[in-house]
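Visitor: In case you want the letters, here they are:
Protein chains: 2
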Amino acid sequence: VRTYGCDYRCSWCDSAFTWDGSAKDIVRMLEPEEILNELLALAGPNFDSVTISGGNPALLGSSMAEFVTLLHERGIQAAIETQGSRWQDWFYDIDSLTISPKPPSSGMNTDWAMLDSIMDKLKEQGKAAHSLKVVVFDEQDYAYAKSVHQRYPGVPLYLQPGNEDVAEPGDISARLLSRLEWLFNLVIADPEMNRARVLPQLHALIWHNKRGK
Amino acid sequence: VRTYGCDYRCSWCDSAFTWDGSAKDIVRMLEPEEILNELLALAGPNFDSVTISGGNPALLGSSMAEFVTLLHERGIQAAIETQGSRWQDWFYDIDSLTISPKPPSSGMNTDWAMLDSIMDKLKEQGKAAHSLKVVVFDEQDYAYAKSVHQRYPGVPLYLQPGNEDVAEPGDISARLLSRLEWLFNLVIADPEMNRARVLPQLHALIWHNKRGK
Numbered sequence: 001v002r003t004y005g006c007d008y009r010c011s012w013c014d015s016a017f018t019w020d021g022s023a024k025d026i027v028r029m030l031e032p033e034e035i036l037n038e039l040l041a042l043a044g045p046n047f048d049s050v051t052i053s054g055g056n057p058a059l060l061g062s063s064m065a066e067f068v069t070l071l072h073e074r075g076i077q078a079a080i081e082t083q084g085s086r087w088q089d090w091f092y093d094i095d096s097l098t099i100s101p102k103p104p105s106s107g108m109n110t111d112w113a114m115l116d117s118i119m120d121k122l123k124e125q126g127k128a129a130h131s132l133k134v135v136v137f138d139e140q141d142y143a144y145a146k147s148v149h150q151r152y153p154g155v156p157l158y159l160q161p162g163n164e165d166v167a168e169p170g171d172i173s174a175r176l177l178s179r180l181e182w183l184f185n186l187v188i189a190d191p192e193m194n195r196a197r198v199l200p201q202l203h204a205l206i207w208h209n210k211r212g213k
Numbered sequence: 001v002r003t004y005g006c007d008y009r010c011s012w013c014d015s016a017f018t019w020d021g022s023a024k025d026i027v028r029m030l031e032p033e034e035i036l037n038e039l040l041a042l043a044g045p046n047f048d049s050v051t052i053s054g055g056n057p058a059l060l061g062s063s064m065a066e067f068v069t070l071l072h073e074r075g076i077q078a079a080i081e082t083q084g085s086r087w088q089d090w091f092y093d094i095d096s097l098t099i100s101p102k103p104p105s106s107g108m109n110t111d112w113a114m115l116d117s118i119m120d121k122l123k124e125q126g127k128a129a130h131s132l133k134v135v136v137f138d139e140q141d142y143a144y145a146k147s148v149h150q151r152y153p154g155v156p157l158y159l160q161p162g163n164e165d166v167a168e169p170g171d172i173s174a175r176l177l178s179r180l181e182w183l184f185n186l187v188i189a190d191p192e193m194n195r196a197r198v199l200p201q202l203h204a205l206i207w208h209n210k211r212g213k
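Top line first, the protein sequences correspond to chains A and B. Heads up: the first sequence begins at 1 in full-length UniProt numbering, then just goes up one per residue. Heads up: the second sequence begins at 1 in full-length UniProt numbering, then just goes up one per residue.
Everything labelled a hint here was simulated from the structure, so no lab data went into it. Warning: the hint list may mix true and false statements.
Pairs involving identical chains hold if they fit within one copy or between any two copies, as the list cannot separate such chains.
As the list claims (entries may be wrong) - Keeping only pairs whose Cα atoms sit at most 27 Å apart, straight-line, the calculated BS3-like set for lysine-lysine is:
1. Lys133 x Lys213
2. Lys133 x Lys210
3. Lys24 x Lys123
4. Lys123 x Lys213
5. Lys24 x Lys210
6. Lys210 x Lys121
7. Lys24 x Lys121
Make a model of the complete structure from these sequences and hints.
Guide: Here it is, written out as structure tokens:
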């Protein structure tokens, strides 16, 4: 589920249609129960986890809390991805919380005080089900990812190579794999990143730039 | 680290050189401390986890226990992959234990009594750090993976598409990704496999059939 609206405008956003107005004709305003009904109509019993991304889903308060409660009432887990610029109390109820601060190439500035406060709250709560993810386009982004790792050493860190052309049609897997190898080689050579895990965007390797996949 | 020798002879084994005699000139008999020294010489401080595979590393007893102890004394984690045909008490000390029973396409028969006994011991010990992995080549293998999932429902299950030509030179990523999509689509359509996770062999996507990668 992608929510509409973002407090960021990352230069390379692969879902800019969630905030730049280009998809305003297909955006739908739905109540939590309507979203759940849409999911059930789409996938029937073939899922038991829902990933909520955006835009920035952390812009939403009570309505998102309600949606997460609806999922849990049906035994469905909730995963979320957010950049860590805002806190919501419903974060505590999320089964898998990915905090993905944005590196220099995005053009955005990290609010470290806010990020510290979010990571502190998650740590205090004692739930292990949160992790950090940094998308890496270049050496500067890699240095940023390292600083994130050093700042929150106990939190699992995932690195992903960025997709440098989110509009390219056709099969982009060779380009993505070449960047994956580049990132692997940086991490392999770097003793400070022994615990960082490098992962591809699996959906992009398989379904490329197709929206909705 | 690959150990030599296997009680299986899987038809599609990608490391047959560890048991078929074809690499007998480069196989080296090393003491645990010598293996550790080789790793340190190769990678210096750039690692803090070692994956032990084979062959079947579970064929080894006290020498492997000693190797794992040496790793832990240096703060290095130990991961292992084995097919679940043999138990070793040093399994309890492994930080990440992957049990990978072999499906019908391998030509091998699963010893379910042994596998049950291994999974029971791991469960009793209360460590969460073990998972199941099934390599899937065809629909029969997929049915086998489902039966494994139903038999051990609480254990994380990973599915991986098999590499159908482990000797093909050059870039095999397009072939591997096509099989990954096939497997994704089976799992997406199957409500009994909602919790199964499909992952590629990342090293093969990047380094193809190159040995030692």
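Visitor: Next, verify each hint and record whether it holds.
Guide: Right, here's what the structure says about each hint:
1. Lys133 x Lys213: both (20 Å within a copy, 25 Å between copies)
2. Lys133 x Lys210: This pair counts as within: shortest intra-copy Cα distance 22 Å, inter-copy 29 Å.
3. Lys24 x Lys123: Close neither inside one copy (38 Å) nor across copies (51 Å); limit 27 Å.
4. Lys123 x Lys213: This pair counts as neither: shortest intra-copy Cα distance 32 Å, inter-copy 36 Å.
5. Lys24 x Lys210: within (18 Å within a copy, 48 Å between copies)
6. Lys210 x Lys121: neither (36 Å within a copy, 45 Å between copies)
7. Lys24 x Lys121: neither (35 Å within a copy, 56 Å between copies)
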